[in-house]
Amino acid sequence: MYLQDIARVIRSKNAGPRCTTLDIMFNNDDDYNHVIRSGALNAELIGRLYATPVDKVRILEYPVARAIKIAIPRKVTAGDPGDRDVYGAQQHARLFKVEV
Amino acid sequence: MSATGRILREFAALPQRRPLRLLGASGQLGYGIPSGPFNAGLERKPDLIGCDMGSIDIGPYYLGSGNMATARESTKRDLRKVLTAARKHDIPLVIGSAGSAGAAPHLEQTLALIREIAEEQKLSFRLAYIPGDIPKDIIIEAIRAGSVEGIDGMPPLSEDEVQAAAHIVGQMGMSSFQQAFEADIDVLIAGRACDTAIFSTLPVMLGFPTGLAVHMAKIIECASICCVPGGRDAILATLDDEGFTLESMAPQRSATPVSVAAHSLYEQSDPFVIIEPEGRAELHDARYERVDERRTRISGARWVPAARHTIKIEGSRRVGERAALLCGAADPRFIERHQEILAEVSKVVRELVCEDAPEDYSLHWRVYGIDGVTDRQPDAPTPAEVFLLIECIAPTANRAGEVMRTMKQYLLHFGYEGRLSTGGNLAFAFTPPEVSVGTAYRFNVYHIMHTERMEELFPVRIEQL
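In order, the protein sequences belong to chains B and P. Be aware that the first sequence starts at 1, since it is given in my numbering, and climbs by one per residue. Be aware that the second sequence starts at 1, since it is given in my numbering, and climbs by one per residue.
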């Protein structure tokens, strides 16, 4: 199963101009626990998908909202020359086909 | 007596605190405040109306240029709506991060609108405003004292960067808002400010627990975004000593335990902590309990005061003048080789435009369909068409335009290997396809500054209208 088949929300957004955050939310505890237990969303995978050093990837479990939060540094500060996504709102789609 | 004086006096005389009602009218004042839910909120007799007006998320342009992100007319319409309501009900109106970025020109434009509305609507009130700009000499002094740190890997702040910034603002917090509220006012317009201070300051002054007040403030500053479905309609928070209850003023939006808890994720890297100049609210023990299908009660946030006050400082500097070329391509051979073609053409351009001038510009291109938005994935298909956004930043608009036009012409006719289409490599939706976009800025200050001089940094100004 892909993450897009089980998640209710998969989104990205800046948390300040130097950080991209990725939120994955689920409809119910079962779906949330399934993905947590699968261990699929780990720092190695995120590091590979976003070409980011593994030690810069932060992953937080947030069961009260049935959500997983991932934070990675932006390679280009928001709005700097050469930036492609000032708000960081379109960096999420490569999570869709993560096998969970 | 004015609105803040009245509520402070009322609570001082109460034998026991009554619940406080706060109306979050807008998380982005200037983009429209739906009237139905806002009016429904007024019927609930709120004690305060608050609106957030700014953010750093919109990028460095607004802070650097001094321009507002919102249109003047829609901003005025929203301000008129909240100002006339607050005066009619005689309750405080609090607006944070005036004019999108909260620097002097943004605050001035917002105040000009407030004065205009006051005159047109024949409103009379006591206005407070607090500039959010941080004097450069104070920052340089703090740098020398080792009291400035980069946020999220931002490089150490140099004195040159401070001098180069067009504007530098600091996010004022509750202590600054409190000074204004103590001055017996009806309306507060703050420059760059913590979005929480808009709603947390009054309850904290009235003796409500700080952790709860800050947690509540962090949610309602975004209006009904914390609901399902999320939206920009007004939200009402009712706060007591043990917790607070949230209710969207739009009947179709529900504040559920999960939707409210999830809001702590939004634009935050850590959903368990809200960091303020005066300390931090810790949400590890926060509880979200259903009241009914549209309301949730929240409790459990804990406040940990900071040993030293800190403020976030934000600065933006000019990089140059920006020109852009907008064009498309539908030739598979061109699309296949676009990387080498763009590199080759940019070399040709450099030879031409730098014949008698220094290489004083930068060129950036984004090829939509390939990797204009994100890095290309190895298995991504090759598209039939691409859009090219080619950007030049140069010291002057003329220079940027010169580079861009040269780039246009040579990219259009570049003879790459295997080319069949000798009529031209690009499609233009209109001509001229190159546009001057104005001044380009970048964030050069995004730091934490430790300070003991909060009062001096954010002086409260009072004006009788």
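Simulated from the structure, these hints should not be mistaken for laboratory data. By construction, the Cβ of each residue, glycine as well, lies at the ideal position given by its N, Cα and C atoms. It cannot be assumed that every hint is accurate.
[Claimed, not checked] Partial selection, computed: residues in chain P whose CB lies under 8 Å from chain B:
(1) 32
(2) 36
(3) 56
(4) 57
(5) 59
(6) 61
(7) 154
(8) 258
(9) 275
(10) 288
(11) 289
(12) 292
(13) 393
(14) 395
(15) 412
(16) 443
[Claimed, not checked] Beyond 12 Å from chain B on every Cβ pair, some chain P residues (computed):
(17) 44
(18) 260
(19) 262
(20) 269
(21) 270
(22) 271
(23) 374
(24) 380
(25) 389
(26) 414
(27) 417
(28) 442
Hints, verified against the model:
1. A least Cβ separation of about 19 Å between residue 32 of chain P and chain B goes past the 8 Å threshold, and the interface hint is therefore violated.
2. Interface hint at residue 36 of chain P: violated, since its Cβ lies 27 Å from the closest Cβ of chain B, which is beyond the 8 Å cut-off.
3. Checking residue 56 of chain P against chain B: minimum C-beta separation of about 6 Å stays under 8 Å; hint holds.
4. Because the beta carbon of residue 57 of chain P sits about 6 Å from the nearest beta carbon in chain B, less than 8 Å, this interface hint is met.
5. Because the closest C-beta pair between residue 59 of chain P and chain B is about 4 Å apart, less than 8 Å, the hint holds.
6. About 7 Å separates the beta-carbon of residue 61 of chain P from the nearest beta-carbon of chain B, less than 8 Å, and the hint is met.
7. Evaluation of the residue 154 of chain P hint against chain B yields a held restraint, the C-beta minimum of about 6 Å falling below 8 Å.
8. For residue 258 of chain P, the shortest C-beta to C-beta distance to chain B is roughly 6 Å, which falls under 8 Å, so the interface hint holds.
9. Taken as an interface hint, residue 275 of chain P does not check out: its beta carbon lies about 11 Å from the nearest beta carbon of chain B, beyond 8 Å.
10. Annotation: interface hint on residue 288 of chain P holds; nearest CB of chain B at approximately 6 Å, less than 8 Å.
11. Taken as an interface hint, residue 289 of chain P does not check out: its beta carbon lies about 11 Å from the nearest beta carbon of chain B, beyond 8 Å.
12. Checking residue 292 of chain P against chain B: minimum C-beta separation of about 19 Å lies over 8 Å; hint violated.
13. This hint holds: residue 393 of chain P has a C-beta 5 Å from the nearest C-beta of chain B, less than the 8 Å allowed.
14. Because the beta carbon of residue 395 of chain P sits about 13 Å from the nearest beta carbon in chain B, more than 8 Å, this interface hint is broken.
15. The closest approach between the C-beta of residue 412 of chain P and any C-beta of chain B is roughly 23 Å, which is over the 8 Å cut-off, so the hint fails.
16. Contact between residue 443 of chain P and chain B, as hinted, is supported at the beta carbon level, the nearest pair being about 5 Å apart and thus within 8 Å.
17. Non-interface status of residue 44 of chain P relative to chain B is upheld: no Cβ of that chain comes within 12 Å, the nearest being about 27 Å off.
18. Not every C-beta of chain B lies more than 12 Å from that of residue 260 of chain P, the closest at about 8 Å, which undercuts listing it as non-interface.
19. Residue-level check failed: residue 262 of chain P sits 4 Å from the nearest beta carbon of chain B, not beyond 12 Å.
20. Some Cβ of chain B comes within 12 Å of the Cβ of residue 269 of chain P; the nearest lies about 4 Å off, and the non-interface call is violated.
21. A beta-carbon of chain B comes within 12 Å of the beta-carbon of residue 270 of chain P; the shortest separation is about 7 Å.
22. Listed as a non-interface residue, residue 271 of chain P fails to keep its Cβ farther than 12 Å from every Cβ of chain B; the least gap is roughly 5 Å.
23. Under the 12 Å C-beta cut-off, the non-interface status given to residue 374 of chain P relative to chain B is violated; the minimum distance is some 6 Å.
24. Residue-level check failed: residue 380 of chain P sits 10 Å from the nearest beta carbon of chain B, not beyond 12 Å.
25. The beta carbon of residue 389 of chain P sits about 9 Å from the closest Cβ of chain B, which is not more than 12 Å, so the claim that it is off the interface is violated.
26. Every beta carbon of chain B lies more than 12 Å from that of residue 414 of chain P, the smallest distance being close to 22 Å; the non-interface claim holds.
27. Consistency note on residue 417 of chain P: stated as away from chain B, and its beta-carbon is indeed over 12 Å from all of that chain's, at 28 Å minimum.
28. Its beta-carbon lying about 5 Å from the closest one in chain B, residue 442 of chain P breaks the requirement of being farther than 12 Å from that chain.
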